[in-house]
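K.L.:
Take a look at the letters that make up each chain.
2 protein chains.
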Amino acid sequence: MRVGVFDSGVGGLSVVKSLLEHHLFEEIIYFGDTARVPYGVKDQNTIIRYSLEAIEFFKNFEIDLLITACNTVSAYALDEMRLQSDHDVIGVVDPGVLALKNAIPDPDANILILGTKATVKSGAYTKGLNSLGYHNLSAIATGLLVPIVEEGLYEGEVLQSTLHHYFGNLTKAPDAIILGCTHFPLIANAIESYFEGKSTLIHSGEAIVEYLEAHYDFTKRFEKTELKFFASENPEGLRRTAKEWLQL
Amino acid sequence: MRVGVFDSGVGGLSVVKSLLEHHLFEEIIYFGDTARVPYGVKDQNTIIRYSLEAIEFFKNFEIDLLITACNTVSAYALDEMRLQSDHDVIGVVDPGVLALKNAIPDPDANILILGTKATVKSGAYTKGLNSLGYHNLSAIATGLLVPIVEEGLYEGEVLQSTLHHYFGNLTKAPDAIILGCTHFPLIANAIESYFEGKSTLIHSGEAIVEYLEAHYDFTKRFEKTELKFFASENPEGLRRTAKEWLQL
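Heads up: the sequence lines are chains A and B, in that order.
So for the first sequence, the working numbering puts the first residue at 9; every next one is plus one.
So for the second sequence, the working numbering puts the first residue at 9; every next one is plus one.
Worth flagging that the hints you see were computed from the coordinates, not collected in a lab.
Which copy is meant is left open, because identical chains are indistinguishable; a pair holds if it fits in one copy or across any two.
Think about it this way: if two alpha-carbon atoms lie no more than 25 Å apart in a straight line, the pair counts; the simulated DSS-like pairs of lysine-lysine are:
1) LYS251 to LYS125
2) LYS125 to LYS135
3) LYS129 to LYS251
4) LYS67 to LYS25
5) LYS109 to LYS25
6) LYS251 to LYS232
7) LYS109 to LYS180
8) LYS206 to LYS109
9) LYS180 to LYS206
Take the sequences, apply the hints, and build the full model.
P.N.:
Here is the structure:
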């Protein structure tokens with residue numbers, strides 16, 4: 009099976025990493041809209057317009073499935089993308105919600121959703137979790153964590169003070185935290201430590217693997233996956249980051 | 009005189025503020041490319057392409073002059089923009105360099121240039137200052153300060169630890185600091201305090217007023233300036249920010 013992975017930038021490589029670890033695909037074609045990243049501060053119409061342009065891009069390739077790794081796209085543009093595609097389009101929100109249910113079935117669990125401004129505003133995770141009976145939810149738009157990850161500050165004072173800025177008012181550690189942005193897995197350790205290891209972290213990449221394995225037939229696994237990386241600007245930069253993150 | 013002001017987002021409002029304070033123009037037409045902000049992390053070709061699209065936008069209006077408030081655009085796209093325009097196009101880099109010379113004529117002065125990754129990489133300020141004999145220069149790409157300003161964190165722990173992250177290795181306060189990004193004047197107080205008031209700060213808005221008054225005839229001043237705000241997305245948000253920043 010061939011899969012396309014669409015992201016607003018480089019963050020979706022954290023999803024590619026999970027796909028590779030499970031040897032699910034023969035070929036992965038990645039497109040990052042690096043010329044227009046970040047999507048998380050843009051409005052709904054713009055997010056939908058850019059996402060439909062990505063659909064056009066993937067028409068250049070034979071793919072069986074498209075994964076939108078970006079939480080913001082998944083929260084806003086999935087219906088429109090499905091209408092324009094001949095194949096399945098899967099976002100990361102529903103898989104994240106299901107992964108949470110598998111990890112913590114208790115509907116009284118105290119769940120914290122982290123995301124960009126747009127993702128939090130969409131209420132996509134909240135709606136999904138509510139429909140499964142979860143009611144003890146809070147959400148924080150932790151937008152600054154995106155450029156902090158892009159600057160490579162995975163530890164240190166800037167990250168710590170930003171975590172304190174966002175989480176300082178919480179009186180106790182959440183039972184689970186949804187990392188609702190593909191950048192956040194890169195600082196998962198710091199977030200976990202901040203809450204003294206008391207919170208279960210839900211990661212889009214692992215969630216989507218769980219979802220794919222439940223919904224598709226992966227009897228055949230691939231030792232080697234062909235990888236193709238494209239970007240709307242500076243594709244060399246994306247390939248360099250991919251090499252580093254994916255240890256290619 | 010009617011002027012167009014182009015910026016990658018809302019930051020250029022700090023330049024509009026200076027223009028208004030000096031009553032230079034009859035009409036100011038502002039265009040912020042909010043759908044594609046920030047430019048400071050993009051590559052040269054993309055910055056030029058987007059800047060030329062802005063030139064097309066301003067062809068809808070009768071303007072006598074175009075100011076590119078964005079330092080990144082000023083550093084990369086000015087020549088191309090001038091070729092496509094029927095009127096003058098002024099960036100903020102040359103005015104900033106001249107304002108520095110007026111403030112601190114000593115060529116041995118220790119000067120720190122702050123900007124986005126793209127602006128620092130362009131070396132535009134360094135070249136300009138070198139040509140005037142300044143040689144004691146350093147530059148730091150302080151990109152994280154942009155989203156910090158956009159989140160409204162003009163003071164507090166996140167800002168302080170980020171300033172420390174960027175400036176912690178400096179052994180003494182610079183004689184002058186060029187605020188080479190339109191967002192930075194909003195945290196000028198914090199930067200000034202960080203260096204205990206020992207550094208002279210150069211602000212693009214004030215620099216451009218100084219430059220305009222030296223190069224154009226402003227015998228007539230305007231008590232009231234007509235303001236028009238446009239944005240490639242969420243123009244209401246831009247107008248709201250303008251009201252707040254410009255105290256309209």
